[in-house]
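Same order as they appear, the protein sequences are chains A and B. Here the first sequence is numbered in my numbering, starting from 27 and rising by one per residue. Here the second sequence is numbered in my numbering, starting from 208 and rising by one per residue.
These are computed hints drawn from the structure, not numbers from a lab. Even glycine gets a Cβ: it sits at the ideal position worked out from N, Cα and C. Among the hints, erroneous ones may be present.
[What the hints assert, rightly or not] Derived pair list, reagent style BS3-like, types lysine-lysine, alpha-carbon separation capped at 27 Å:
(1) A:K37 / B:K244
(2) A:K37 / B:K247
(3) B:K248 / A:K37
(4) A:K70 / B:K274
[Said to hold, decoys possible] Going by beta-carbon spacing under 10 Å, a handful of chain B positions derived as facing chain A:
(5) V211
(6) Q213
(7) L216
(8) Y243
(9) P250
(10) T251
(11) G310
(12) Q314
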Amino acid sequence: EAGVAQSPRYKIIEKRQSVAFWCNPISGHATLYWYQQILGQGPKLLIQFQNNGVVDDSQLPKDRFSAERLKGVDSTLKIQPAKLEDSAVYLCASSPSRQITYEQYFGPGTRLTVT
Amino acid sequence: EDKVVQSPLSLVVHEGDTVTLNCSYEVTNFRSLLWYKQEKKAPTFLFMLTSSGIEKKSGRLSSILDKKELFSILNITATQTGDSAVYLCAVLSSGSARQLTFGSGTQLTVLP
Numbered sequence: 027e028a029g030v031a032q033s034p035r036y037k038i039i040e041k042r043q044s045v046a047f048w049c050n051p052i053s054g055h056a057t058l059y060w061y062q063q064i065l066g067q068g069p070k071l072l073i074q075f076q077n078n079g080v081v082d083d084s085q086l087p088k089d090r091f092s093a094e095r096l097k098g099v100d101s102t103l104k105i106q107p108a109k110l111e112d113s114a115v116y117l118c119a120s121s122p123s124r125q126i127t128y129e130q131y132f133g134p135g136t137r138l139t140v141t
Numbered sequence: 208e209d210k211v212v213q214s215p216l217s218l219v220v221h222e223g224d225t226v227t228l229n230c231s232y233e234v235t236n237f238r239s240l241l242w243y244k245q246e247k248k249a250p251t252f253l254f255m256l257t258s259s260g261i262e263k264k265s266g267r268l269s270s271i272l273d274k275k276e277l278f279s280i281l282n283i284t285a286t287q288t289g290d291s292a293v294y295l296c297a298v299l300s301s302g303s304a305r306q307l308t309f310g311s312g313t314q315l316t317v318l319p
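When you get a sec, could you build the whole thing from the sequences and use the hints?
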């Protein structure tokens with residue numbers, strides 16, 4: 027079974043620029059998550075989708091971050107404009123269901139550096 | 208606000224040693240506790256614990272949950288250099304969102 031795919035793997039931008047990340051979850055997985063992992067910290071959930079609907083975006087800084095999963099499969103996360111503190115690894119994860127017995131499978135992440 | 212605290216923050220041992228990593232939590236509507244191993248890439252799943260007192264074991268790794276005292280431990284016996292990684296503890300809450308809240312991790316370094 028193919029894993030969660032993310033691109034790009036690395037991105038360097040200047041502050042105030044825009045950036046977009048892409049995630050393709052494991053085939054058939056209904057639930058998709060975007061996490062932000064700052065160096066030395068655990069991943070922090072930004073947004074959770076169930077199919078193409080948002081389940082939880084309470085920790086997404088909506089003034090600059092947006093995410094969509096239009097067809098309920100792949101997803102994009104956008105930052106505009108970027109700030110220095112957005113430098114982090116952005117992890118995408120998917121799971122078959124929101125049921126508690128299923129673990130989340132993580133993609134390789136996109137490392138963003140904002141200069 | 209849900210909270211997960213891991214200790215120690217970092218640990219350096221030699222091959223063959225046994226280590227115990229700790230995870231304590233304060234979470235509303237607790238459902239499960241998960242352990243992940245993170246090398247220089249995405250976290251990989253190790254264990255999911257839902258019931259108190261039942262040890263889960265995979266090779267040299269084992270873990271147990273205490274829902275009364277709100278903590279879990281991850282044991283690694285006969286450590287190898289390949290065990291060097293960050294070990295993340297996460298708690299799954301129930302409710303409409305059912306989200307994972309992660310701790311900051313324990314950085315384990317195993318020296319030859």
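Results for each hint:
For the hint pairing K37 (chain A) with K244 (chain B), the CA-to-CA distance comes to about 24 Å; that is within 27 Å, so the pair holds. Only pairs whose Cα atoms come within 27 Å are accepted, and K37 (chain A) paired with K247 (chain B) is accepted, the gap being roughly 17 Å. At roughly 15 Å between alpha-carbon atoms, K248 (chain B) and K37 (chain A) fall within 27 Å of each other, so this suggested pair holds. For the proposed pair K70 (chain A) and K274 (chain B), the alpha carbon gap of about 23 Å is at most 27 Å, so the pair holds.
Checking V211 (chain B) against chain A: minimum C-beta separation of about 7 Å stays under 10 Å; hint holds. Because the beta carbon of Q213 (chain B) sits about 8 Å from the nearest beta carbon in chain A, less than 10 Å, this interface hint is met. With a cut of 10 Å, the hint placing L216 (chain B) at the interface with chain A holds, because the nearest CB-to-CB distance is about 9 Å. Annotation: Y243 (chain B) was flagged as interfacial toward chain A, and the flag holds, the nearest CB pair being 8 Å apart, inside 10 Å.
Look at P250 (chain B): its Cβ gets to within about 5 Å of chain A, closer than 10 Å, so that hint holds up. With a cut of 10 Å, the hint placing T251 (chain B) at the interface with chain A holds, because the nearest CB-to-CB distance is about 7 Å. Below 10 Å, beta-carbon pairs count as interface contacts, and G310 (chain B) has one with chain A at about 5 Å; its hint therefore holds. Given hint, Q314 (chain B) at the interface with chain A, holds; its Cβ is 9 Å from that chain's nearest Cβ, closer than 10 Å.
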